[in-house]
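All chains, full assembly: derive it from the sequences and hints.
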Amino acid sequence: MSFSTPDGVVRAVDGVSFSLERGRTLGIVGESGSGKSAMSLAILGLQTGRTCQVGGRIWLDEEDLLAAAPGRVRDLRGSLMAMIFQDPLSALHPYYTVGWQIAEAYRAKTPVTRRQSWARAVEMLGRVGIPQPRQRARDYPHQFSGGMRQRAMIAMALSCEPELLIADEPTTALDVTVQAQILELIAGLQAELRTAVIIITHDLGIVAEVADETLVMYSGQVMERGSTEQVFRAPQHPYTWGLLTSVTGLNRPRRDRLVAIPGAPPSLIDLPAGCPFHPRCPYAGQTGGLAGHSRPALREASPGHWVACHLTDQSRARVFAQEVQPAL
Amino acid sequence: MTNSGTAPAQDPQDSPADSTGELLRVSQLTKHFPATRGVLLRRPAGHVRAVDGISFSMRRGETLGLVGETGCGKSTTGRMLAGFLPATSGQVTFDGRDLDEARRTDGKRLYREIQMIFQDPYSALNPRHTVGTIIAAPFRYQHITPPGGIRRAVQELLEQVGLSPEHYNRHPQDFSGGQRQRICVARAIALRPKLIIADEPVSALDVSIQAQIINLLSDLRDQQGMAYLFIAHDLSVVRHISDRVAVMYLGKIVELADNDLLYAAPRHPYTRALLSAVPVPDPTARKQRLRLAGEPPSPLNPPSGCHFRTRCWKAQAVCETTEPPLAGADPRHQVACHFPEDG
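For the record, the sequence lines run as chains A and L.
The first sequence maps to residues 1 to 328 in my numbering.
The second sequence maps to residues 1 to 343 in my numbering.
These are computed hints drawn from the structure, not numbers from a lab.
Values in this document were obtained by computation on a predicted structure and should not be read as measured data.
All residues carry an ideal CB built from backbone N, CA and C; glycine is no exception.
Don't take each hint at face value.
Pair ranges (Cβ atoms, derived) [said to hold, decoys possible]: (1) L/293 to A/4: 30 to 40 angstroms; (2) L/339 to A/114: 46 to 56 angstroms; (3) A/24 to L/329: 33 to 43 angstroms; (4) L/264 to A/114: 24 to 34 angstroms; (5) L/260 to A/24: 18 to 28 angstroms; (6) L/286 to A/114: 40 to 50 angstroms.
Take a look, some chain A residues computed to stay more than 12 angstroms from chain L by CB distance [to be verified]: (7) 47; (8) 62; (9) 139; (10) 140; (11) 161; (12) 180; (13) 181; (14) 183; (15) 210; (16) 229; (17) 232; (18) 252; (19) 260; (20) 285; (21) 301; (22) 312.
The following block contains the structure:
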């Protein structure tokens, strides 16, 4: 997936592959500019236009979304796949009541009357834990608190019981106690509706908490992919090591100094040759010069656990055991 | 504690001898914002009690973490101490002087001693100025010429915060978020303040960059011995840098304790719930949360008695009638609760 900009072509997402089963949760972790949000917009067919080219295949239930007609994608969006965004205040229209907006979204995808869709809106608001949904459905977004707005967004996204829900930083704007409520709510509804969920976040704690599988992205590319157990217990990629050792998890003993990843993420217009992470990677020197030359392919380090790194399995195992494990 | 560094304005009385003394004492600090109702006919509708009588003190060179959720008054507290907002009532003693009095008589001088670092390094730097101008501003404003000249002092500051002296003539837009925050830090430490108020200094940054800035702040503290009031919503970040931590809820400090005590054995139910709500990066630690129902009530009309009682699972009749004072047998662990957990 690439964008043309006045400064050059930005490859926001570059050769990312994954699959997700019904009822499962995929966590996508990455920093700003890693392409995680751009990818979710591509799945929903929201990235079109002259400046953006999307290549590859996206399959949803046997249907190729990129080959499908725009009208078809529009039909699927909302009914089979839905999204919740980081900032619910800008995703809700300030002029319409919350109930009206949920009812409208439902009516657009289902052949129901206005009365039925209103009843559905009230029902969904109740299901996401809004007290007195009948009254609150008549409120405007500004009358809701941040957490309630995010609940309303979830109600809207799930009103048609989609197969796939993409949650892009759904709790970043919320306080931790409310975040815990929202994550619990998503997990509860997911279990009930057997929805597949993609949760996009920069917070490793959230991924560890809710995801079955984890995808680590850097500069638009997949660095590591595996079950959440694998990625957090036996991380393979130096970038993942850096992320895991630099976060200040409350489960870890307090340290005098944090282990920081040096440098900053590269510009997507001017990516370094070879592995995009190599200028910040402390182990790039151990690849025999490969890191600066060729892009590492994603390969299976252990069953179901994929990594894109030039380091040999032996040197990775050694570094992990000697340097990373003690810091975790 | 103090080293023979680059910048001037070293106060002679700031000797290692009194480096453990009290730097700041805040008592019954209050900020009420008037609230109005209606658009055309604005009628007063009570007060938003953003900060509602808080007291704490800080030693020289100490880092106090101030945590809480949105609207608890932590930023308002920081802004009052920095002099951006007048307090409604209360008394603040800074370095042996009354802060209000000092600000009235010699406000400019006070900016040498109290500096602030903001959350958003994008809006905290003037895009039309060069980095050199930005970091030199404190010297120019205070009419201070450091030995060796301002330019040299600025370049040394740039090196101190992990940038390069060649960055002197660049503009803020040439830098990433983490580097911009380093520029803000350089500006804040230029005059060697005794207190730096850091309001969410890392929450706008990427995870891998947050650790860099936290490390930078602790290194500078070790070199120069300034005190930090570190305001943040992220309990794990605060834990890392703070000596003591104050937890705020709806304008009140509900718990104030030494770092290790607070995280190992939180005594206020709110602190416990807050700690329990933080996701940890370990998939095996998926735990039964202490779930708080609802959201904080409006500070326009806080609950009577204990402000937390409407969300508290231990609340009883006394919580509704009597406000619990911040107290405790152990001076290192104060809690404002009628039924605290065992420490």
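How the hints compare with the structure:
{"no.": "1", "hint": "L/293 to A/4: 30 to 40 angstroms", "in the structure": "violated, 49 angstroms"}
{"no.": "2", "hint": "L/339 to A/114: 46 to 56 angstroms", "in the structure": "holds, 51 angstroms"}
{"no.": "3", "hint": "A/24 to L/329: 33 to 43 angstroms", "in the structure": "violated, 51 angstroms"}
{"no.": "4", "hint": "L/264 to A/114: 24 to 34 angstroms", "in the structure": "violated, 57 angstroms"}
{"no.": "5", "hint": "L/260 to A/24: 18 to 28 angstroms", "in the structure": "violated, 39 angstroms"}
{"no.": "6", "hint": "L/286 to A/114: 40 to 50 angstroms", "in the structure": "holds, 42 angstroms"}
{"no.": "7", "hint": "47", "in the structure": "holds, 23 angstroms"}
{"no.": "8", "hint": "62", "in the structure": "holds, 31 angstroms"}
{"no.": "9", "hint": "139", "in the structure": "holds, 15 angstroms"}
{"no.": "10", "hint": "140", "in the structure": "holds, 15 angstroms"}
{"no.": "11", "hint": "161", "in the structure": "holds, 26 angstroms"}
{"no.": "12", "hint": "180", "in the structure": "violated, 4 angstroms"}
{"no.": "13", "hint": "181", "in the structure": "violated, 7 angstroms"}
{"no.": "14", "hint": "183", "in the structure": "violated, 8 angstroms"}
{"no.": "15", "hint": "210", "in the structure": "violated, 8 angstroms"}
{"no.": "16", "hint": "229", "in the structure": "violated, 6 angstroms"}
{"no.": "17", "hint": "232", "in the structure": "violated, 5 angstroms"}
{"no.": "18", "hint": "252", "in the structure": "violated, 8 angstroms"}
{"no.": "19", "hint": "260", "in the structure": "violated, 4 angstroms"}
{"no.": "20", "hint": "285", "in the structure": "holds, 20 angstroms"}
{"no.": "21", "hint": "301", "in the structure": "holds, 18 angstroms"}
{"no.": "22", "hint": "312", "in the structure": "holds, 25 angstroms"}
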